[in-house]
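Q: Residues per chain are reported as follows:
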Amino acid sequence: MSLPLFLKNIKDNFLFLLIFMFLMNVYLAVLIYMYDPSGMGAFNDIVSFLPNRLVVFLDLATIDSSMTGFLGGLFYGLPIYVFPMIYCIVMGNRLVTKYIYDGSFACFLETPNSRIKIITTQAVYLILSIGLLFLSIQIVGGQMSEMMYPGVLDAALFTQMNVGAAFMTTAIAMINFFFGCIFNDSKLTMFFSTAFPVLFFMLTFLSGLSDRFAALKNFSIYSVYNGAAIGIGQADVSSVIAFFSAAIVLSLAASLGVFFMKRLPI
Amino acid sequence: MIEAQDLTLKYMNGNGVFDLNFKVEKGEVVGFIGPDNAGKTTTVRILMGFHRSSRGQALINGMNTYLKAPAIKKSLGYISDDPAFFEGMRVKSYLNFMGRLRRLNSANYEKRRAELAETFSLDLASKIDRMNSEEKQKVSIVSAFLHNPDVYILDEPFNHLNPALQSQLANLIIEEKKKGKTFFLTSQMFSEVERVADRIALVRSGKMIEIDDVISLKAKEIKSYRVKFAEPPNLEQFKKFGFGFKRINATDFEIYAPGNRIDALVKVLSHEKVLIFNSNEQTLEESFQKFYSRKEEAIQ
Numbered sequence: 001m002s003l004p005l006f007l008k009n010i011k012d013n014f015l016f017l018l019i020f021m022f023l024m025n026v027y028l029a030v031l032i033y034m035y036d037p038s039g040m041g042a043f044n045d046i047v048s049f050l051p052n053r054l055v056v057f058l059d060l061a062t063i064d065s066s067m068t069g070f071l072g073g074l075f076y077g078l079p080i081y082v083f084p085m086i087y088c089i090v091m092g093n094r095l096v097t098k099y100i101y102d103g104s105f106a107c108f109l110e111t112p113n114s115r116i117k118i119i120t121t122q123a124v125y126l127i128l129s130i131g132l133l134f135l136s137i138q139i140v141g142g143q144m145s146e147m148m149y150p151g152v153l154d155a156a157l158f159t160q161m162n163v164g165a166a167f168m169t170t171a172i173a174m175i176n177f178f179f180g181c182i183f184n185d186s187k188l189t190m191f192f193s194t195a196f197p198v199l200f201f202m203l204t205f206l207s208g209l210s211d212r213f214a215a216l217k218n219f220s221i222y223s224v225y226n227g228a229a230i231g232i233g234q235a236d237v238s239s240v241i242a243f244f245s246a247a248i249v250l251s252l253a254a255s256l257g258v259f260f261m262k263r264l265p266i
Numbered sequence: 001m002i003e004a005q006d007l008t009l010k011y012m013n014g015n016g017v018f019d020l021n022f023k024v025e026k027g028e029v030v031g032f033i034g035p036d037n038a039g040k041t042t043t044v045r046i047l048m049g050f051h052r053s054s055r056g057q058a059l060i061n062g063m064n065t066y067l068k069a070p071a072i073k074k075s076l077g078y079i080s081d082d083p084a085f086f087e088g089m090r091v092k093s094y095l096n097f098m099g100r101l102r103r104l105n106s107a108n109y110e111k112r113r114a115e116l117a118e119t120f121s122l123d124l125a126s127k128i129d130r131m132n133s134e135e136k137q138k139v140s141i142v143s144a145f146l147h148n149p150d151v152y153i154l155d156e157p158f159n160h161l162n163p164a165l166q167s168q169l170a171n172l173i174i175e176e177k178k179k180g181k182t183f184f185l186t187s188q189m190f191s192e193v194e195r196v197a198d199r200i201a202l203v204r205s206g207k208m209i210e211i212d213d214v215i216s217l218k219a220k221e222i223k224s225y226r227v228k229f230a231e232p233p234n235l236e237q238f239k240k241f242g243f244g245f246k247r248i249n250a251t252d253f254e255i256y257a258p259g260n261r262i263d264a265l266v267k268v269l270s271h272e273k274v275l276i277f278n279s280n281e282q283t284l285e286e287s288f289q290k291f292y293s294r295k296e297e298a299i300q
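In order, the protein sequences belong to chains A and C.
Residues in the first sequence are numbered consecutively from 1, following the working numbering.
Residues in the second sequence are numbered consecutively from 1, following the working numbering.
Hints were generated in silico from the structure; no laboratory data involved.
Check before you lean on any hint, since a few could be wrong.
Stated by the list, open to error - Here are the computed distance ranges between Cβ atoms for each label pair:
#1 A:Gly103 with C:Glu115: 20 to 30 Å
#2 A:Lys117 with C:Ser167: 34 to 44 Å
#3 A:Leu3 with C:Ala107: 51 to 61 Å
#4 C:Met12 with A:Lys187: 16 to 26 Å
#5 C:Ser167 with A:Val82: 56 to 66 Å
#6 C:Lys26 with A:Phe260: 22 to 32 Å
#7 A:Thr159 with C:Lys92: 44 to 54 Å
#8 A:Met34 with C:Asn105: 48 to 58 Å
#9 A:Ile116 with C:Asn132: 33 to 43 Å
#10 C:Ser121 with A:Ile19: 57 to 67 Å
#11 A:Phe6 with C:Asn132: 25 to 35 Å
#12 C:Lys127 with A:Leu209: 15 to 25 Å
#13 A:Val30 with C:Glu118: 55 to 65 Å
Every residue, glycine too, gets a C-beta built ideally from N, C-alpha and C.
Between the sequences and the hints, there should be enough to build the whole structure, so can you do that?
A: In structure tokens, the structure reads:
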């Protein structure tokens, strides 16, 4: 790993990460502030008035009255796919393709640093930045709920939801990183980095609409993670971690392999 | 020091380089000259390890340029034909960053950075994004020479530079050559590299058509001059000394002479009353017209 490049990544991209940390943590804090165990009945009544397809889309069908169940539905449901997805789409391009597209990747390679070292550094930054994002969520979520409702949050389940989401986001990021390593044109990287997560999301969404489409979930990696089910203790996070870990390792290996072999137009 | 062995890389569009063989010895400057699409930048990309050859190999200090790129770059200076830099950086921070990537101790190169910046009148506080192409080329030159490498790969290094800066760069190359440094530099213009190069390779359509020392090659260069005489000249004299000419009107002529026989031409002209004598701007193909056209068929 190249330390100067890693530090440059922090300088160039940390503000972008801070924006996501801020948005997600504020949203989480507001949700915790809004949580009212005695008012969950009224909340479920409101949900029952919504069209079924909208409830499925917003992932509100399995909301439980516990705090982890509440957060599982409202934070580790739709938002956990959408917010980090944007971060992953942008970073896949920013960390690799952008440098090739504008030609500045040559600056790295005119120094005694191998392609593998450069790409590994970029991948490590991406993984650590996502880790930091979810660490901040863990801290803010834990502290905020402790302040508002001491002893109410099931810390173990909350941690499981958060860790599972972190692995899922990292897997998506590494798939996008792979696209960043394949393409030399930012437009192509952005297109595929957007298309794949959105496709996965749509497949997951469609599979919940009716039994006819239920099989579609087998084609989406988002279906592996169900935050709401983990939040009420009905799903095991270890299989989620195992699956996404494999996806991360495979994507990283493919990224390194492709980038080592590719012809760089610089 | 730098070697190409049957170096071949063919792109999908048919361009590329084909069976290149050359050697640049330690302390030697070799110019690699050719028109557009001659394969100059492709050769540089292979030497830099950006591209892998499909056949043959390129070696620097005995190491394969693709497989051993990081080891080679420890002592290699590079100028791209189209320099690109990181967004939002000032010259000083860019050069410092490159120094860190090269694992240099800043104290070692600060003095050299200041000297090079002064030589090329480079403002270290300027933002690179806002610079024109000449300024960017200067940044690229300073970056390439900053870490005092042993081998230089310079792709069109004289591009974008005014004549004074071209001269500064030529002087710098000559100075470094005296220290035993090795240079491989490309250009589209013979005149740009003849001052610094020991040998020059002419390339066209990805193939090398000639490699020779500058003096020998200069004999094969045809220079063109526009001459206006006060009265119609004695053309027999030009024919006798083997100079070509094209009549524009009775007193205006274009005269062609080999690059190493300018003195003979001046002697012939001294017998005439010359009103105007101008050297024509020539492309590489025009300078080596006979050379290129003769070998063109063999290439295709």
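Q: Each hint: holds or not?
A: Against the structure, the hints come out as follows:
{"no.": "1", "hint": "A:Gly103 with C:Glu115: 20 to 30 Å", "verdict": "28 Å, holds"}
{"no.": "2", "hint": "A:Lys117 with C:Ser167: 34 to 44 Å", "verdict": "39 Å, holds"}
{"no.": "3", "hint": "A:Leu3 with C:Ala107: 51 to 61 Å", "verdict": "19 Å, violated"}
{"no.": "4", "hint": "C:Met12 with A:Lys187: 16 to 26 Å", "verdict": "20 Å, holds"}
{"no.": "5", "hint": "C:Ser167 with A:Val82: 56 to 66 Å", "verdict": "59 Å, holds"}
{"no.": "6", "hint": "C:Lys26 with A:Phe260: 22 to 32 Å", "verdict": "30 Å, holds"}
{"no.": "7", "hint": "A:Thr159 with C:Lys92: 44 to 54 Å", "verdict": "46 Å, holds"}
{"no.": "8", "hint": "A:Met34 with C:Asn105: 48 to 58 Å", "verdict": "56 Å, holds"}
{"no.": "9", "hint": "A:Ile116 with C:Asn132: 33 to 43 Å", "verdict": "36 Å, holds"}
{"no.": "10", "hint": "C:Ser121 with A:Ile19: 57 to 67 Å", "verdict": "41 Å, violated"}
{"no.": "11", "hint": "A:Phe6 with C:Asn132: 25 to 35 Å", "verdict": "32 Å, holds"}
{"no.": "12", "hint": "C:Lys127 with A:Leu209: 15 to 25 Å", "verdict": "53 Å, violated"}
{"no.": "13", "hint": "A:Val30 with C:Glu118: 55 to 65 Å", "verdict": "58 Å, holds"}
The structure shown violates the earlier hints numbered 3, 10 and 12.
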